[in-house]
Amino acid sequence: MDALLSGISQVLTLNNLLLMLGGTLAGLMAGALPGLTATMAVALILPFTFTMSPVSGLATMGAIYMAAIYGGSFSAILVNTPGTPSSIGTTFDGYPMAKAGRGQEPIVVATVASVIGGLFGVAVLAFLAPPLARVALKFGPPEYFWVSVFGLSIIASLASKSLLKGLIGGMFGLLVSTIGIAPIGGDVRFTFGQPSMQGGIELVGALIGLFCIPEVLSLMRQGSKAYESVRVEKRRGVIWETATKVLAMPGNLLRSSVIGTVVGIIPGAGGNIANLVAYNEAQRASKYPERFGTGIIDGVVATEAANNATVGGGLVPLLTLGVPGTPVDAVIYGALLIQGLRPGPELFTVHADITYGFIFSLFIATLMMLVVGLVMGTALHRLVSRLPLRYLVPSIVFLSILGSYAIRNNMTDVGVMLACGFAGYLLKQLGFHPGPIVLGLILGPLAEEGFVQATLMAKALPVPWLIFFTRPISIVLIVMTVVSLVWPLLSGGRKLRKEAGIGAQ
Amino acid sequence: MLNSDRIAAILMLLVALVFGTQMGNLTNFGIVFPRAVIIVLAVSSAALLMKSWAGRGGGEAVDVRGMQTVAVAAALMVVWVFLIPYLGFYVSSVLTCLFMMALVDGAARKPRTLITSLAIIALEVAAFYIVFAKLLVVPLPKGILF
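Heads up: the sequence lines are chains A and C, in that order. Numbering-wise, the first sequence is residues 1 to 505 according to the working numbering. Numbering-wise, the second sequence is residues 1001 to 1146 according to the working numbering.
If you are wondering where the hints come from, they were derived from the structure by calculation, not from laboratory data. Some clues are possibly wrong.
As the list claims (entries may be wrong) - Quick look at which bits of chain A chain C covers, simulated, 3 or more residues with Cβ under 8 Å:
{"#": "1", "stretch": "16-22"}
{"#": "2", "stretch": "167-179"}
{"#": "3", "stretch": "187-196"}
{"#": "4", "stretch": "211-223"}
{"#": "5", "stretch": "311-318"}
{"#": "6", "stretch": "449-463"}
Note that beta-carbon positions come from the ideal geometry of N, C-alpha and C, so glycine has one too.
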């Protein structure tokens, strides 16, 4: 209780509230701009948080994250182009409504649904994370090894179109994570004669490179694109009228928020998957499914509640186990490390005040989003949509270089950031998703430490390797890993048989 | 036509080979984990290679359109990083940002737009320079000017 109150009091300072307000504005603008993702926005702001206190830094990043996911709805509704992949489903009904001259309505719907979904996800985080962290305290090296394997298996199957490529991406990330000094034994590995590589690949620099440079190169390749925005006609009373309509569909709100939270908790799956699953489920549960896609508020409610609910959900495995739930959480993982905090159960014991402060700040940021979105959302979207690409691209590269330099004030990290960025772009062209690579990079040390320590622990046992398969929590994790690997194969086979059946008919 | 699965598989087999040849003097503690990873990486890459030849959903063709712009942009970023120790953070950033602007948008090469762009980028870089060097106390590299 003391930790909770201390965390709340740390957040409720004028400085932190202003930082969160700035974060909300910045996140909304980044999300509203097609081509800029929430991950990129959070990665670019990360260097600014180095000198802040842990609570201030995390609160700023949390506000940007929450607002960027919501901001994607503006271009989805007004331009028919999702600002972030989390708002793909919002285009289905949001744009037809805007095109029909009802532009203000879907924006209010998206705002109210995003706030409700966001609050739901954060509430689940607040209530689920502490007991889960208590369970995680019982984890030993074998369990941590299996947590890493489970995380990798699920991201390999979810984040990539091909399970094989997802697996290869994860293995590549794991291999890169072994560069430098071995966590146990102290061997210097894979440095290729470069002393600067002994410290390993600097994680934050690598994350900035992997998430920002490929996007910038893609933007440059596609060139300037003129987005034609639908004009929003303002009408008196529409905010209250529409908000009442949204609140009159508690089933849709609850179902979509639950979907978003659960999808967020699953490592590797984020708002991009949650919004489409929620849209599909809303349509299936609707009394008028044929009207979906023609411009009804139900679809916007589903996608926007779900994508913002992933924010809280994705933080559950990150804060309790040290396994990022979404790509943005991977960047927050880097931020926690920079602040000297090791993601995992320790966050709820040693640093509980900071953790509860961070969770509380997400509540505040979500409420700020309501006010900022309704008052300034459309104007901010109009502002950023006029920003020429020629200013945007160099600015992102500049911030990436500046940010990676600021980590340790050395140019080697900038070189690593660029190398990771170019490798990320090349691998993207070859069909690799950055998710498994990043997770491999993060989970590598956890998996290796767990694997080697468990092997050492088991030396006295008659059959040492049995230690990985006989402990109850390990067995649960093994079953989950097998299911996550076999499930896509089974569902793929079923899909093929279905297609063959349709073809035969 | 370049097959993305085939190129990906060959590239990852090469990565496994390069890392595999670097394991010579490692102790058992240091070798056990990377060896397992290298084996899984090599086996799954070989499977992807075979799949690409078997023609079962063998990957999409790699789109090479616009790659020239990407190559020039990547080269510009590398030059940027190499210039920083000589010209300093501010001057090298303003110069390369200007080149990047001209690369992204042909309109930026017109004299009037170029001057406006230069002014905007000089102000932007200066603002971030001050925030980092003075407020966040990050010592940014100095060069011929500052």
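Hint by hint, here is what the structure shows:
With a cut-off of 8 Å between beta carbons, the stretch 16-22 of chain A has 0 residues touching chain C; three or more are needed, and the interface restraint is violated. Beta-carbon proximity to chain C at under 8 Å applies to 7 residues in the stretch 167-179 of chain A; the threshold of 3 is reached and the given coverage holds. Only residues whose C-beta sits within less than 8 Å of a C-beta in chain C count toward coverage, and the stretch 187-196 of chain A has 4 of them, enough to reach three; the restraint holds. Check result for the stretch 211-223 of chain A against chain C: holds, 7 residues qualifying (beta carbon to beta carbon below 8 Å, three or more required).
Given as covered by chain C, the stretch 311-318 of chain A fails the check, having 0 residues with a CB less than 8 Å from a CB of that chain where 3 are the minimum. Closer than 8 Å: that is the beta-carbon criterion, and the stretch 449-463 of chain A has 3 residues meeting it against chain C, so the requirement of 3 holds.
Against the hints set out earlier in the document, violations occur for numbers 1 and 5.
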